[in-house]
Amino acid sequence: MPMTTIAGHEVEVNEEGFLTKPEQWSEDLGAELAKLIGIDMTDEHWNLVRFLRKDYDVQHETATLRRVSTQTGKPVKDLFVLFPAKPAKKMAYVAGLPKPKGCV
Amino acid sequence: MTETPFVPSFDDDASAGRKLAVICSKGNLDMVYPGLILANAALGEGVETHLFFTFWGFDIITKDTMDKLKFTFVGNTAMHLPGHSDRGIHHMLGAIPGATAAATKMMRKQIADLDVPEVPEFLDILHGSGAYMWACRMSADMNKLTEADLYDGIDGIISASDFIEKTDGAQLLFV
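Residue numbers (our numbering), protein chains in the order written: chain C, 190 to 293; chain G, 905 to 1079.
Some hints could be false.
Simulated pairs of lysine-lysine, DSSO-like, Cα-Cα distance not exceeding 30 angstroms [what the hints assert, rightly or not]: (1) Lys288/C - Lys266/C; (2) Lys972/G - Lys288/C; (3) Lys972/G - Lys290/C; (4) Lys263/C - Lys967/G; (5) Lys266/C - Lys923/G; (6) Lys1048/G - Lys290/C; (7) Lys923/G - Lys290/C; (8) Lys290/C - Lys1013/G; (9) Lys1013/G - Lys288/C; (10) Lys923/G - Lys263/C; (11) Lys967/G - Lys1009/G; (12) Lys210/C - Lys224/C; (13) Lys1070/G - Lys266/C.
Label-pair restraints from in silico Cβ distances [to be verified]: (14) Pro1024/G - Gly262/C: 42 to 52 angstroms; (15) His198/C - Ala1052/G: 27 to 37 angstroms; (16) Pro938/G - Trp235/C: 46 to 56 angstroms; (17) Thr209/C - Ala1016/G: 29 to 39 angstroms; (18) Gln260/C - Lys1013/G: 30 to 40 angstroms; (19) Pro938/G - Glu233/C: 27 to 37 angstroms; (20) Asp968/G - Lys243/C: 14 to 24 angstroms; (21) Thr194/C - Gly979/G: 21 to 31 angstroms; (22) Phe959/G - Trp235/C: 22 to 32 angstroms; (23) Asp217/C - Gln1014/G: 17 to 27 angstroms; (24) Asp1017/G - Glu233/C: 48 to 58 angstroms; (25) Thr231/C - Ile1000/G: 54 to 64 angstroms; (26) Leu997/G - Lys210/C: 49 to 59 angstroms.
These stretches of chain G come out as covered by chain C in the derived footprint (C-beta under 8 angstroms, 3 or more residues) [said to hold, decoys possible]: (27) 958 to 965; (28) 969 to 975; (29) 989 to 997; (30) 1015 to 1025; (31) 1051 to 1059.
The hints are simulated quantities; they were obtained by calculation from the structure and are not laboratory data. By construction, the Cβ of each residue, glycine as well, lies at the ideal position given by its N, Cα and C atoms.
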C-alpha cells in the first residue's frame, strides 16, 4: 500500500487514496482531509464524522448513507448539502474509513 | 511516499455531466428494488437521475399500493430457497393459496435484514438525494389516478415524450 503525507501525518492509503488504517486517523488529520476535498468542517460535519467513527468501531463496516441518516436523524438531503455530490464516499474519506460497501 | 498528498479524485465535475434514466415498469416486489437501488447508487455518485414510473411500476408511487407490493414466484423458474441455490422450488407451487403471502413475507425480511428500506422510505431517500421522479401520464389515466393519489415527492405526471425530452443524453435502464 502506498504511503502519503498529509499535513505532516504519514498515513497508509489504498490505490484510490482512502486511508487503510483507521487507527492512523485523528480529528486533526480529519480536518486536513476535509480541506483537501474542499470541505470546510462545521459542527454539523463533525457530528456526522464522529458518528461514522463510533459506528465503525462497533460494526467494523462504514455506515451507508441511509444508516447515517437513520442513526443521526439527519435527513439524506442535508447530507448531500454538507458533503456535496458523493456524500457517502466523502464522509468516509474525511473519517479515515473505507468506502461503504452496502448498496443502500 | 509522495511529496504532495495523494487524495481520491471525487471528480465532481465529471459526474456532473452524467445522467441516468430509470424506467420502472413492474410492480412485483422483486422487480421494484433493482431500479430503486441502481437509481440510489447513481445519486450517491453525483449522477443526475430521473425515474419514470409506468404501467405496473405505477404501484410503486401510488400511496394505496406502495407499501403492499408482493412477490410471487409463479413463472419464475429460478426460484429456490434463500441460501440454497441447489434446491429449486417448482414455480407452480407459488399458485397455492398463501404461497405469495409467505414468499412476500420472506423476501421482505431478507431485504430488511440487509438494512435496505421498504419502498415508501426508499422513495424518501431518493427524493432527499435529489432524484427526479416522474409519473407516466397514460398509467395515471388508465388507473384514474391524479397527483393527490401519488407519493408526495413526485415531480409531475408527464407523457412519454416529455420524459424522453427531459432525459436527453442520459444512459437508460428499463426495468
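Subject >> 30 angstroms limit on alpha-carbon distance, applied to hinted pair Lys1048/G and Lys290/C >> reply: 41 angstroms, violated
Original post:
Keeping to a limit of 30 angstroms between CA atoms, is the pair of Lys972/G and Lys290/C held or broken?
Top reply: 29 angstroms, holds
Original post:
Going straight from one Cα to the other, do Lys923/G and Lys263/C come out at no more than 30 angstroms?
Top reply: 26 angstroms, holds
**OP:** Please count how many residues of the segment 1015 to 1025 of chain G have a CB within 8 angstroms of a CB from chain C and say whether that reaches 3.
**Re:** Holds, because 4 residues of the segment 1015 to 1025 of chain G bring their Cβ atoms closer than 8 angstroms to Cβ atoms of chain C.
Original post:
Is 27 to 37 angstroms a correct range for the gap between the Cβ atoms of Pro938/G and Glu233/C?
Top reply: Check passed, 34 angstroms falls within 27 to 37 angstroms.
Original post:
Has the given pair, Lys290/C with Lys1013/G, been kept, meaning a C-alpha gap of at most 30 angstroms?
Top reply: Answer holds: Lys290/C to Lys1013/G is near 20 angstroms, not above 30 angstroms.
Original post:
Is it true that the CA of Lys972/G sits at most 30 angstroms from the CA of Lys288/C?
Top reply: Violated. Lys972/G to Lys288/C sits at ~33 angstroms, over the 30 angstroms cutoff.
Original post:
Is the hinted range of 46 to 56 angstroms satisfied by the C-beta distance from Pro938/G to Trp235/C?
Top reply: With Cβ atoms ~36 angstroms apart, the hint is violated.
Original post:
Quick one: are Asp1017/G and Glu233/C within 48 to 58 angstroms, going by C-beta?
Top reply: 31 angstroms, violated
Subject >> Verdict for His198/C, Ala1052/G (Cβ pair) under range 27 to 37 angstroms >> reply: 56 angstroms, violated
**OP:** Assess, step by step, whether the Cα of Lys923/G is no farther than 30 angstroms from the Cα of Lys290/C, and give holds or violated.
**Re:** Given pair Lys923/G, Lys290/C holds - Cα atoms ~23 angstroms apart, limit 30 angstroms.
**OP:** Indicate whether the distance between the beta carbons of Thr231/C and Ile1000/G respects the range 54 to 64 angstroms.
**Re:** At 58 angstroms between Cβs, range holds.
The structure fails hints 2, 6, 14, 15, 16, 18, 20, 21, 22, 23, 24, 27, 28, 29 and 31 (numbered hints given earlier, in ascending order).
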